[in-house]
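A.B. asks: Based on the sequences and whatever the hints tell you, model everything.
Note that the protein sequences, when read in sequence, are chains A and B. Heads up: the first sequence runs through residues 32 to 688, numbered per the numbering used here. Heads up: the second sequence runs through residues 232 to 362, numbered per the numbering used here.
Everything labelled a hint here was simulated from the structure, so no lab data went into it. Just so you know, these numbers come straight off a predicted model, no measurement behind them. Using N, Cα and C, we set each Cβ at its ideal position, and we do this for glycine too. There's no promise every hint is true.
[What the hints assert, rightly or not] Quick look at which bits of chain B chain A covers, simulated, 3 or more residues with Cβ under 8 Å:
#1 252-265
#2 288-299
#3 336-347
[To be verified] Ranges of calculated distance between the beta carbons of each label pair, as one might list FRET restraints:
#4 B:K329 x A:E100: 41 to 49 Å
#5 B:D252 x A:T157: 32 to 40 Å
#6 B:S351 x A:E145: 37 to 45 Å
#7 A:D82 x B:N352: 27 to 35 Å
#8 B:G327 x A:S134: 55 to 63 Å
#9 B:T271 x A:T157: 33 to 41 Å
#10 A:D132 x B:K329: 39 to 47 Å
#11 A:T104 x B:A296: 32 to 40 Å
#12 A:N177 x B:A296: 42 to 50 Å
#13 A:E145 x B:K329: 45 to 53 Å
#14 B:G327 x A:G59: 24 to 32 Å
#15 A:E145 x B:G327: 42 to 50 Å
#16 A:E351 x B:T271: 57 to 65 Å
#17 B:H290 x A:T157: 36 to 44 Å
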Amino acid sequence: MKRIILVVGLWLLAFGYLSAQTLNVQVGDVKYLFPASQTGVMSYADGTTLDVMGKVFVLSEIDSMWIDETAVTDNSVQVAYSNNKTDVTVAGNIAKYLTIDQSGAHVSIVQSEEVAVEITYTLSGTSADGSFYNSGAYKATVELNNLTLTNVSAVYSGAAVHIQNSKRIKIKPLNGTTNTLVDAVGGSQKGCLYIKGHAEFAQKGTLNITGNVKHGIKTGEYFTIKNSTVNILSTVGDGINCEQFFLMESGKITLSNVGDDGLQCDIEDPETGATGITADHEDEDTGNIYISGGTFTANVTADAAKGMKSEGDMYISGGEIAVTTSGGGVWDATNLKAKAASCLSADGVMDISGGTLTLTSTGAGGKGLSADSTLTVSGSAVITVVTSGQAVVASSTGTLSIISNSSTLDRYDSDYKCSPKGIKIDGDIIINGGTISVTTSGAGGEGIESKKTLTVNDGHITVNAFDDGINSTGDMTINGGYIFAKGAKNDAMDANGNMYVKGGLIYAIGATSPEVALDANTEEGKKLYITGGTIIAVGNLEGGAQISGGTCKYTTSWTGNSWYALYNGSDLVAAFQTPSKSSSGSYWAPAAGPGGDGGSQKLVVYTSSTPTLKSNVSVSDGTEYFGGLANIGGTVTGGSSVTLSNYTSSGGGPGNW
Amino acid sequence: MKKIVVLLAVVWCTWTAQAGDYAYLVFTNTIGSATVLNVTGLTMNVEGTSLQVTNTTEHVSLALADLASMQFSNDPTAIENVLDGDKPLDVFTPLGLKIGRYDNLLQAAGSLPAGAYVISNGRVTQKIVVK
Numbered sequence: 032m033k034r035i036i037l038v039v040g041l042w043l044l045a046f047g048y049l050s051a052q053t054l055n056v057q058v059g060d061v062k063y064l065f066p067a068s069q070t071g072v073m074s075y076a077d078g079t080t081l082d083v084m085g086k087v088f089v090l091s092e093i094d095s096m097w098i099d100e101t102a103v104t105d106n107s108v109q110v111a112y113s114n115n116k117t118d119v120t121v122a123g124n125i126a127k128y129l130t131i132d133q134s135g136a137h138v139s140i141v142q143s144e145e146v147a148v149e150i151t152y153t154l155s156g157t158s159a160d161g162s163f164y165n166s167g168a169y170k171a172t173v174e175l176n177n178l179t180l181t182n183v184s185a186v187y188s189g190a191a192v193h194i195q196n197s198k199r200i201k202i203k204p205l206n207g208t209t210n211t212l213v214d215a216v217g218g219s220q221k222g223c224l225y226i227k228g229h230a231e232f233a234q235k236g237t238l239n240i241t242g243n244v245k246h247g248i249k250t251g252e253y254f255t256i257k258n259s260t261v262n263i264l265s266t267v268g269d270g271i272n273c274e275q276f277f278l279m280e281s282g283k284i285t286l287s288n289v290g291d292d293g294l295q296c297d298i299e300d301p302e303t304g305a306t307g308i309t310a311d312h313e314d315e316d317t318g319n320i321y322i323s324g325g326t327f328t329a330n331v332t333a334d335a336a337k338g339m340k341s342e343g344d345m346y347i348s349g350g351e352i353a354v355t356t357s358g359g360g361v362w363d364a365t366n367l368k369a370k371a372a373s374c375l376s377a378d379g380v381m382d383i384s385g386g387t388l389t390l391t392s393t394g395a396g397g398k399g400l401s402a403d404s405t406l407t408v409s410g411s412a413v414i415t416v417v418t419s420g421q422a423v424v425a426s427s428t429g430t431l432s433i434i435s436n437s438s439t440l441d442r443y444d445s446d447y448k449c450s451p452k453g454i455k456i457d458g459d460i461i462i463n464g465g466t467i468s469v470t471t472s473g474a475g476g477e478g479i480e481s482k483k484t485l486t487v488n489d490g491h492i493t494v495n496a497f498d499d500g501i502n503s504t505g506d507m508t509i510n511g512g513y514i515f516a517k518g519a520k521n522d523a524m525d526a527n528g529n530m531y532v533k534g535g536l537i538y539a540i541g542a543t544s545p546e547v548a549l550d551a552n553t554e555e556g557k558k559l560y561i562t563g564g565t566i567i568a569v570g571n572l573e574g575g576a577q578i579s580g581g582t583c584k585y586t587t588s589w590t591g592n593s594w595y596a597l598y599n600g601s602d603l604v605a606a607f608q609t610p611s612k613s614s615s616g617s618y619w620a621p622a623a624g625p626g627g628d629g630g631s632q633k634l635v636v637y638t639s640s641t642p643t644l645k646s647n648v649s650v651s652d653g654t655e656y657f658g659g660l661a662n663i664g665g666t667v668t669g670g671s672s673v674t675l676s677n678y679t680s681s682g683g684g685p686g687n688w
Numbered sequence: 232m233k234k235i236v237v238l239l240a241v242v243w244c245t246w247t248a249q250a251g252d253y254a255y256l257v258f259t260n261t262i263g264s265a266t267v268l269n270v271t272g273l274t275m276n277v278e279g280t281s282l283q284v285t286n287t288t289e290h291v292s293l294a295l296a297d298l299a300s301m302q303f304s305n306d307p308t309a310i311e312n313v314l315d316g317d318k319p320l321d322v323f324t325p326l327g328l329k330i331g332r333y334d335n336l337l338q339a340a341g342s343l344p345a346g347a348y349v350i351s352n353g354r355v356t357q358k359i360v361v362k
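C.D. replies: Pasting the structure below:
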């Protein structure tokens, strides 16, 4: 019975369409479809014009009229490209609102300001020299139905698709379709796909973009995306450039061969902007970037380019983000400042509470994350940063050069140098959760740096840095979490204010003396305070450290690349693998790796009770931490007890910048 | 089986109702005369000062200067917008000679040979063309 109903239903549907009686009016390559049921009285005037539903045709321009059974969808326009020709089909109910011009396969459709319904424009077909220009003052939808459009002649605009409409424009690459847009080389367009208003991408089709003049996609207002796949194949400017805010909930964006930033979101109106986040982003103009899902991949190569840049804040709560930058530094002659690339850069705060971020920067001075204000990491965020460039410095006249020696960098004012730091935040850093892994290998390559304070309350942090592992200009406070920090040429953890260790597990490996594992700014009256948590440190602690709430011991007799077990009393806290030992270095040229001084570097341990150590242990089961350098909750067998001495903090220094 | 028959009947009725939308296109000129053409296969082309209208059975040429309007209709007399076709009316030749009185427009259209006529209900007078 169900089958019969289904068949009958389909039959009904089919004949319903077939029975749609339509008056067709053909004018050039434009066909107007008037449903017979809507036409009413159609008036002729003076033998020169015919008025059908308010659309006034000049009779001499009508090629033909006929009646058939063509189905008509109200409020719709179809634009079908075929080489150098375009067939435009317009639903009768909106015909009177549209002024259509054509030149070959270049189509211009101007909506009158009287339009009060949303018109859907469906673009399909292929043209080697075509474009679509549309203007209006009412929201609209543009569907892309296997459209391949290359603009060569720039008749109405150099953009392949140009929507001169300040309202909401839905862009729908229709499900299962692949659409390709290329703009005119000789145009002056702001984007291959230009939308003056706000763009909402939807549907599970694919859109490929090549921007030959400036950006790939430019929207004058906000940009949102769900489901769609957008591939920016190459651009002269940004891959995507939008204003107000950018919001990605799902879908896939891939940016390749972009000439400037991958994604840039600006405040539309700096005078009246900075509205702050609004409910449902209504009338929001913040320059913020929001990503809660989907896949964002960017490969940017320009000097000082950003994979993703917000003039406002950046909020990432989900999704897969992979960004690679390979450009070097530039000299900003206007602001007299050296600048370098960054995978993610926010002029405001950066809040990462979810998602997987894989950030790689290979150019000189290139960074993984940078923000002018606070960075907060929490929840399930997984952040992996690798920088491999050297530092770039500028002379007083702006001549750039590459520096591979960290100590040389100290001679330069901060505006004249860019270091390849993993995470550089001008505001506070607050880590409440998540997993962070940072690796740097170039001069000045600090792993994580805050220009204010740094607080870790929870989370997993693994830093292998060329310079300081973790650095803060202000106080550094560790309340919890699991932290591994290695500074190959500098301190493992360096607070230029006070450092407070109150909880968590820290495994810190500093470079050879005078660098230390945990450094506070004693030179300016600051101090290292240890009141809780667990510490494993290769290298000294800051001189004059105030240690309470537990016991601190050390040994200088330890073996490199060996597994040790740390106990708090009789309780196993963790097993860890020691670093390889290296030869000693000098103050200005520290040893090639941590754990140096030819074996005299201390192995320091602190627990809340009494720490004991076993060397050469075997570990099974448990959970790996810090990239396999530690194990917690495992089973330890074998090994020998290590004789530990009470750690006595000497007064003041070293522990350098 | 009975359900299937009922369903098919509904389908047929629906289809015929939809397919029956507007059987005619009615052209009215500036002096009120109407030209009625079946819409099946109907095409219209502007040729100089005339509108060439063709359907599957006939062809007419209408002077553009004389055309006032056109309208889809299901009434072959195509004057429902002027006269109430269900009420009695008088039929005259174009010269004003009364031919007769009919109960309604359908009866008149079915009785009259092809040609142009003037019909009146006493208040409204309208020219028609019977094909």
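A.B. asks: Can the suggested window of 37 to 45 Å be confirmed for the beta-carbon pair S351 of chain B and E145 of chain A?
C.D. replies: holds, 42 Å
A.B. asks: A range of 27 to 35 Å was offered for this pair. Does it hold for the Cβ distance of D82 of chain A and N352 of chain B?
C.D. replies: Check passed, 29 Å falls within 27 to 35 Å.
A.B. asks: A range of 32 to 40 Å was offered for this pair. Does it hold for the Cβ distance of T104 of chain A and A296 of chain B?
C.D. replies: Cβ of T104 of chain A to Cβ of A296 of chain B: about 36 Å, so the range 32 to 40 Å holds.
A.B. asks: Within 42 to 50 Å: is that where the Cβ-Cβ distance between N177 of chain A and A296 of chain B falls?
C.D. replies: With a Cβ separation near 46 Å, N177 of chain A and A296 of chain B satisfy 42 to 50 Å, so the hint holds.
A.B. asks: Using the beta carbons of E351 of chain A and T271 of chain B, state whether their distance is inside 57 to 65 Å or not.
C.D. replies: holds, 59 Å
A.B. asks: Given the hint of 55 to 63 Å, is the C-beta distance from G327 of chain B to S134 of chain A inside that range or not?
C.D. replies: holds, 57 Å
A.B. asks: Within 45 to 53 Å or not, the Cβ separation of E145 of chain A and K329 of chain B?
C.D. replies: holds, 50 Å
A.B. asks: Just to be sure I understand the hint, the distance between the Cβ atoms of D132 of chain A and K329 of chain B should be within 39 to 47 Å; is that true here?
C.D. replies: violated, 56 Å
A.B. asks: Are there at least three residues in the stretch 252-265 of chain B whose beta carbon sits under 8 Å from a beta carbon of chain A?
C.D. replies: holds (count 3)
A.B. asks: Within 33 to 41 Å or not, the Cβ separation of T271 of chain B and T157 of chain A?
C.D. replies: holds, 36 Å
A.B. asks: Please check whether D252 of chain B and T157 of chain A have a Cβ separation lying inside 32 to 40 Å.
C.D. replies: With a Cβ separation near 37 Å, D252 of chain B and T157 of chain A satisfy 32 to 40 Å, so the hint holds.
A.B. asks: If you count the residues of the stretch 288-299 of chain B with a beta-carbon closer than 8 Å to a beta-carbon of chain A, do you get 3 or more?
C.D. replies: holds (count 6)
Consistency with the previously given hints fails for numbers 3, 10 and 14, ordered from lowest to highest.
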